[in-house]
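Asks: Below are the chains, spelled out letter by letter.
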Amino acid sequence: MTRLRYLLILIALGVFAILPVFLSGNLLNAIIKMMISALFALAFTLAMGQAGMLSFGHAAYYGLGAFAAVHAMRFVEAGAFSFPTPLIPLAGAAVGFLFGLLFGWFATQRSGVYFSMVTLALAELLYTLAPTWNSLFGGESGISTIRGASWGISFGDDAHVYYLTLFWVTLATWCLWAFTRTPLGRLALALRDNEHRVRFLGFNTHMARTLIFALSCLFTGVAGALLAIATEAANYTAFSSKASADVVLQTFIGGAGTFFGPALGAASMTFFARVTSDLTRSWLLYQGLLFVLVMLFVPDGIGGLIAEHSKKVKKGGYKALVLPYLLCLVTGLLLLAGVVFLVESTHILLSDGYIAKTKSSGGAAVPFSFFGQDFNPRSWVTWSIPIGLLLAGAALMPAAMKVTGRAWLHATQSAPAQGETA
Amino acid sequence: MEYLVVSTLNGVVHGLLLFMVSAGLTLIFGMMGVLNFSHAWFYMLGAYIGFTCTRTIGFWPGIILAPLLVGALGVFVERYMLRRVHKYGHAHELLLTFGLAFIIEEVIKLFYGDFPVSYQMPSYMRFAAFTIFDTNYPFYRLFIGGVAGLIFVGLYLLLTRTRIGIIVRAATFRPTTVEALGHNLPVIFMGVFAAGAALAGLAGAVAGAFFPTSPNMATDFGTLVFVVTVVGGLGSVEGALIASLMIGLFISFSVGLNWALADLFGIVGLGPWAQAFGGILTLKLSTIANSMPFLLMLFILLVRPAGLMGDRQ
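First to last, the sequence lines map onto chains A and B.
Heads up: the first sequence at position 136 corresponds to 136 in the working numbering, and the numbers run straight through without jumps.
Heads up: the second sequence at position 39 corresponds to 39 in the working numbering, and the numbers run straight through without jumps.
In case anyone wonders, no lab produced these hints; they're calculated from the structure.
Fair warning: this is a prediction, and the values are worked out from it, not measured in the lab.
Do not take every clue at face value.
[As the list claims (entries may be wrong)] Not everything, but these chain A residues come out facing chain B in the computed CB check (under 8 Å):
no., residue
1, Ser282
2, Pro299
3, Val343
[As the list claims (entries may be wrong)] Covered stretches of chain B, as calculated for chain A (at least 3 residues, CB under 8 Å):
no., region
4, 79-93
5, 97-107
6, 225-235
7, 290-301
[As the list claims (entries may be wrong)] 25 Å max Cα-Cα, derived SDA-like pairs, lysine to any residue:
no., chain 1, residue 1, chain 2, residue 2
8, B, Lys87, A, Gly405
9, B, Lys109, A, Arg274
10, A, Lys311, B, His92
11, A, Lys311, A, Ala407
Note that beta-carbon positions come from the ideal geometry of N, C-alpha and C, so glycine has one too.
Bound-form chain A, shown alone (with noise of 0.2 Å):
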């Protein structure tokens, strides 16, 4: 099992390794921005997951991170001292750490809400300080420089940002990995699941909280860092909620209980983003819709399915899921594209442009154009397409759960029972 895993993980370095060779600009820093938002992720896990700190603002260290990234390139390019530029990310590293130290001294004393509540006032205290504070991070513009070559290599190309990057973030995930198994690490867990207990087995509970919390902010520094360098510009909104909000919402996704679940949440969620942002104005909606549906029916997040799976699912019993799966897939595509109908011709019909199209036409209907198809918004054909889709997939929900469910007891029935039931 061990050496398969390694054998997959160098397996998908040598994938990205090669990447930049048939990938577009584009492609290419979509790609940088999924890596770093999984390194982001896997750095909030360590305080979140595994030591049981919900952090409502670690945006805060990731935007530290980025201005501290971006005052370092600035004062490089002014000639103020020589830096190379692949160690920038030790300066977001540095500042993330110590600021980490700082607040996360006084977060820590408290814990569940209220330490979830002390983080989020420290964010929003830098969120809302930093666009009057003109000198430091540079008003509500922000700060811009350029990236210096060093080390003989220009960085002006968007495939030298990403080795740099890949080299960063695969290098902070092993540390990240490697940390787990420190007696730090194992003392997270122990943090998590019974702080009491570890307390009176003699260990200083609080400097522990606070070292793991600032360790976190390290890592979340570094991402920030990595952000600044390929962005090569740092703005107050980087300490915004929403920032530190995504991090949270595609950690859980993930699943905040494995180790690589987050950064597989992170990454795929920030390629959803992207896409959808594209297609669709409403593509928060379907962001919330399907952050709602994870912690309603996967609420261990993609992660902890694959482990469950992974753990469960005895030899040969995937052949009993295939059929019962399929027919989940049918039915959440069914709801799916009536949602997706519903949202989209909603948006069409209430946009300025088409209620100017009715105006001109003295209140005849006009037919608008979806997905290549004209549609007719008076007529009943027209809205019993998303209906009758909502309900063919309400219909055969109760179905699919019924056979997947008894297609996974058939499944792992006879497999050895490893720790706790689901």
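Given the structure of chain A, go ahead and fit chain B onto it with the hints provided.
Replies: Relative to chain A, chain B alone:
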């Protein structure tokens, strides 16, 4: 003097509005331990329902319908969503309401567009209640304050003087015992959640007619409402009132003051040095007015983590 009086009045009214929204939030938290992230979005929904009703059936029906509809949404959310994820812990409940906030905001944008809508009070309510120092003080501000005041008195009486209030307070304290005594705990939870949501909806319908009604109003308000509940003590209605008034006054006063930290240094003769140092020392209080509530919240959390009137951590 004029500044003092007008700022105090504005601060009190703003504070009372904050209280209307945060009262529901603090009740829900005290009872169920759920920090309802979408609460400010319920407030926004109330404002938009009020706007729609004003366009179609009138202002007053809107004021009545908004809390009813938002309350009904609250019932749905509690019954079919929160109760499902309850077994996975508080983090999941919090995150669920988080996703809900996204959905509410985007649905509103879908139907009403990204820009503010002109939700107006009826013209017969648009007059100056009184004139102080040449400033005409709008009647509607007093109306907002009055509604909030009524809500506080009503809630206070309901919680302290009635049977329902006693059961609710007992359920906050010892839920299992209350259940063992034969009360239907899930229904109590649902009722409290719906009531909290309805209060937010009412606040939205009342305040939206005076303050701008736009898809951003929830984001602007959301974090502030959290600050109020934390400062007041999670679960305490009286605390929420005190904290709301405090924060309302805090904001309305700091907007008009041009103090900076450098002035403080000036008292001990370090003024020129501080001015030259710049940065955080020369930031005017008026420009960082938005940061003040968070500073206050940090201070409270570190000094008295249970909040002003809270009794637990």
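Asks: None of the hints should be skipped; say for each whether it holds.
Replies: Hint check:
1. Ser282: Holds. Min distance 6 Å.
2. Pro299: 5 Å, holds
3. Val343: 7 Å, holds
4. 79-93: Coverage by chain A holds for the region 79-93 of chain B (7 residues, Cβ < 8 Å).
5. 97-107: holds (count 9)
6. 225-235: holds (count 4)
7. 290-301: holds (count 7)
8. B/Lys87 x A/Gly405: 20 Å, holds
9. B/Lys109 x A/Arg274: 20 Å, holds
10. A/Lys311 x B/His92: 24 Å, holds
11. A/Lys311 x A/Ala407: 16 Å, holds
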